[in-house]
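Peer 1: With chain A fixed as given, assemble chains B, C and D onto it according to the hints.
There are 4 protein chains.
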Amino acid sequence: MVKAAIVGATGIVGQQFIVALKNHPWIEIAALAASERSAGRSYKKAITDASSGALRWFCEEPPVEEVMEMPVQNAIELDISTIDIVFSAIESEQAKILEPKFAVAKPVISTASAFRYDEDVPILIPGINSEHAKLLQIQRKSRGWKGFITPIPNCTTAGLAITLKPIYEAFGLNAVIMTSMQAMSGAGRSSGVLGLDILDNVIPYIPGEEEKVQRETQKILGNFEEGSIRPARFNISCTCTRVNVREGHTESVFASTQKACEVEDIARAMRKFVGSSGETELPSAPKHMIIVHEDPFRPQPRLDRHMEDGMATTVGRIRKDTALKNGTKYLLVSHNTKMGAAKGAVLVAELLIRDGYIS
Amino acid sequence: MVKAAIVGATGIVGQQFIVALKNHPWIEIAALAASERSAGRSYKKAITDASSGALRWFCEEPPVEEVMEMPVQNAIELDISTIDIVFSAIESEQAKILEPKFAVAKPVISTASAFRYDEDVPILIPGINSEHAKLLQIQRKSRGWKGFITPIPNCTTAGLAITLKPIYEAFGLNAVIMTSMQAMSGAGRSSGVLGLDILDNVIPYIPGEEEKVQRETQKILGNFEEGSIRPARFNISCTCTRVNVREGHTESVFASTQKACEVEDIARAMRKFVGSSGETELPSAPKHMIIVHEDPFRPQPRLDRHMEDGMATTVGRIRKDTALKNGTKYLLVSHNTKMGAAKGAVLVAELLIRDGYIS
Amino acid sequence: MVKAAIVGATGIVGQQFIVALKNHPWIEIAALAASERSAGRSYKKAITDASSGALRWFCEEPPVEEVMEMPVQNAIELDISTIDIVFSAIESEQAKILEPKFAVAKPVISTASAFRYDEDVPILIPGINSEHAKLLQIQRKSRGWKGFITPIPNCTTAGLAITLKPIYEAFGLNAVIMTSMQAMSGAGRSSGVLGLDILDNVIPYIPGEEEKVQRETQKILGNFEEGSIRPARFNISCTCTRVNVREGHTESVFASTQKACEVEDIARAMRKFVGSSGETELPSAPKHMIIVHEDPFRPQPRLDRHMEDGMATTVGRIRKDTALKNGTKYLLVSHNTKMGAAKGAVLVAELLIRDGYIS
Amino acid sequence: MVKAAIVGATGIVGQQFIVALKNHPWIEIAALAASERSAGRSYKKAITDASSGALRWFCEEPPVEEVMEMPVQNAIELDISTIDIVFSAIESEQAKILEPKFAVAKPVISTASAFRYDEDVPILIPGINSEHAKLLQIQRKSRGWKGFITPIPNCTTAGLAITLKPIYEAFGLNAVIMTSMQAMSGAGRSSGVLGLDILDNVIPYIPGEEEKVQRETQKILGNFEEGSIRPARFNISCTCTRVNVREGHTESVFASTQKACEVEDIARAMRKFVGSSGETELPSAPKHMIIVHEDPFRPQPRLDRHMEDGMATTVGRIRKDTALKNGTKYLLVSHNTKMGAAKGAVLVAELLIRDGYIS
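Chains as they are written, first to last, in my numbering: chain A, 764 to 1122; chain B, 764 to 1122; chain C, 764 to 1122; chain D, 764 to 1122.
Just so you know, the hints here were simulated from the structure itself, not pulled from any lab data. None of the hints are false.
No farther apart than 25 Å at their CA atoms in a straight line, the calculated lysine-lysine pairs in the BS3-like style are these: (1) 975(B) <-> 1088(A); (2) 1088(C) <-> 1088(D); (3) 1088(B) <-> 975(A); (4) 1088(A) <-> 1083(B); (5) 1050(D) <-> 785(B); (6) 859(D) <-> 869(D); (7) 975(C) <-> 1083(D); (8) 1083(A) <-> 975(B); (9) 1083(C) <-> 1088(D); (10) 1083(D) <-> 1088(C).
Chain A with its partners taken away, still in its complex shape (with noise of 0.2 Å):
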């Protein structure tokens, strides 16, 4: 078994990398770490409130009981000797310090966006850019770590990109738009929108989330050549809300390719991805990457976000665009803390363990 420690695990991030590593067959948690007001104490002292004795259990799933015994370390003195994958679900500003730290002796897989746009770094998505993985071995090199930092995509990239994938592989891709309305789990605890805020009320506006989408998809569509990966080149231009929804992004998307093509084309080219090779067959994998509904009235958030746990984007409402040359619309959901944040990332460590990237 690989041995894991997941740092940052008394937040809900952290605690979605327990549910989804809970009866994993190639993982096993071996460590957990957050800050040092947690050290020391059982992990479900750590994360019980003192006051009301509630357990700050935030997961739909429920509590793991095989992690609740065990202990809390501090972060920053982590002893990573024993262990063989780090999963960081840490903010950003956190990664920057501590991602490195661990890297220097073992492989980090990180839900932040600390290291994402790094010329050595790839942004994985198992089954959409798999060969990326390469580049790994250059960023060793160039660091001089025996370890790496991946990063796994925004929350609202991971839908994109991979309902992308075969429309690019199929007809190329001249421009992207993209209206996301999201979810607000994906704006986490800390900063999470008030029920005052969101109730009967759209909010237009998530800081950096729309610069990230449209530079993390070129890169992950991008080409990995000599070393490096060249993002591919088409528009894409994207405008990023939050709706009322607890989990599940929704985006509306409109494609212009470089060959012309029908709905059946895309609707087919969607359906039977598979992925580069043979990823689906990962445990965490679901068995279809893109669900293509013919109902119109999905896909809906609350009805398609559990698709395969969470796992597959569900696509619906291929039509023709009206607007742009070889025009497609679609809508898609994706579910944010799902596929687009621990149990992708644990995807991401089972791709790289099949390769031989982690042992």
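Peer 2: For chains B, C and D alone, coordinates are given in the frame of chain A:
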């Protein structure tokens, strides 16, 4: 005073007409009509639930006392000989039959879509395409009517056409891509979305809506030339969704202009836009047709829908678009049951009274 | 295997029966019936919207493939000669006519209220009043039926009666005061509350609900003596409201007991409550009929409704009441469309099979 | 004009004070104070978010232009020598320190709970217990202050005490049982509930709330005798919950009266209730302190909270209770951030000005 009949007076749009005409300086309610079931009763009785005694009044504004004792007449038998104008708040199927009956003798201003796409029927938004009213003379002649039918646009079209107008005038348009996040009140009560279905959800499909918005926007921004309207020739593509908001449609717009322009140019054109000929002086008109926010967290439907009693369109986040040629993107909020429905129709009546089409 | 017919199979409660019976160890679905409109089609066709092709499947669980090709029969012509039990998921008005027709020959377990208040009809909750099943023999005789009708309680009654039972047994009851905050799914789809009406709101009235809950709770907790049920003699008063929650009724209960008791006594009585005769061993039964939280922020409908697949009642905030003699107050959450509807009815069937009433 | 200082002016309650005092006939805003961080800036700058430029204005009403250029002072250094009255909108912890400092010299009207339970401090609701103001003279003497501190009740207490008053006067009270369904705005912004947590949910616990409501209601309805308030002697028990509503607390009340009475008696007593001495003539007072609905679907928070600008308490569903001796039950809606907060405090100021306590 211009004497108005409201047909479909007991429904939600009919009630909004009653509110919009309360204390109106030019127009007075002279007759209320509805289906046979309500006919012969006072308005109050007609909207009172027999079993519970509850008043079925659906507007946020309090019930209008002045009409409570007015009799409700049977719409299909309504005598309009002493009426100057008919406001029609009925469903499209009925409108096809009833509106022409009234139009034989009198002007009909309608919220229904039944006649919107007829060659000789304008879709008026005062200040945006006031000159299209000239088509009404041609309609009268061609149909041999003393009156005419003039529908207002779909509630989702209104805000889009209004905000595109100053852009189109100043810079021309190549293409428009729009994703809407529409409020529930737009669906009315009979086909309204269940709480069960919209809670924690987005509904990605509103049957017929996208085609209406695309077609109407091109028609409204078209030229009136040689006795007919030539639709504007830019491309347009929409995706219309329903979100858990009570009132106020939010729209995410991406526009490609013919001439290059800066964000500031667009903002300035919108801010200074006052219509073609003093329409903002009409009694129901907003003082500012378009309000442009600097705050990137605006517009929000809950905060902005009521601006200028729901008659202003609110715009924010005007930015460079990165996918389209000469691209600009922005968000707008428009009050779907004020400017987008009854009060918008009253504004049309005011324009037509001012310009001598109704007397 | 016991062969079951589901009458009203295409509606939401009918679908919940299909889910509740999937892979059932003792019962198999042998017939599906609905209105004449659906008759003669496959189940899949019967629930497919003709115009859009969308599947009208309303459960959270995925559609049950096993029944998709089963034919739907006309309920009023249903041949039940080879059927062992009829699950009725129809409205009360229809139930009055159809259920006696079936009961002449076979046992009918119903979610409708039509017969709940008849002298010879028990309202069964296994583990709470299993012994009331004896009344079915008397019903058979008095009505000259081979079968019988046994309805389950109103969804709001279920959680209240279950949590009161251990209190009533241990300490007696003088009076119960309850305010409910009910989920929208309880209203079904045909009379469902509009999103427009429930957003940012509470609806303070559910016609008929309070009387049902009051009467049913007294009947369920009553004694079976000399061939009839003597309702329990405590006073009870309810106020039932609807809140913006999808599933899971929350109830705020104040109870005055006959004997003095401490909060810990009540909590202990609830926790150790396992029914009268091994009912928690039945296939659909929860392992814990009542789950008592220490965390004062529980129970919450979204977090607790799914406990033990919606069959457990969750309780929290057990405290001394300061207004009533020997007063205790607490909150409960009960899953209105699991224990409170179809799956609760399946549990009744299991009890009756185990105890020889159905074979 | 009476010159007022608002302390805590930049928070949500402070902003509500600014709105409540706009165009006030008797009171003008003479000073604004907040924490050191805001001090020295204009009000507009103090509530402008530095990074985004967004105005942090939280009221539904538009920002009050008249105060935008007023300087914000440091609350702990505020010079109140030219001030006639201090409105305190600060948290309880700060209130304990700051309010006595101001009260040495000037009257302080507070929304904080810090001093509510002190023997020599009344909790005033004009029209309900105006005569308790006499206690302020005693407070002045006993504390050696020229001013005084008078807090308003908790927002959940207000509607309960107001509706119980006419019942208590006419029929006496034995016991009151109340379950609240409280709006989110009551929690303020700093400790506000996350959208993530309240969506599709009810939160069954609001720390400290129940005890406050119970104690305050008895004090407010108590007699002022021989220099002190004797709390009313009925029993009272509350359960307070939070629901997904923006503004407007709903309360389900069960009351046992000393004298028998009919539903009509209660309704009549509430309807004709106008306070003890012309309080409904005060500038901010509602014309009808209590509005009683016949429609059983009322009161609803969204429809009724704004009645008489949020200063009326709305009641409906008055019915016989079936559990308590001489029992009556009803529901009420009260605007928690109008009558229950700043505007309620302004109403207290008006009473005290009228009756000579402030000059």
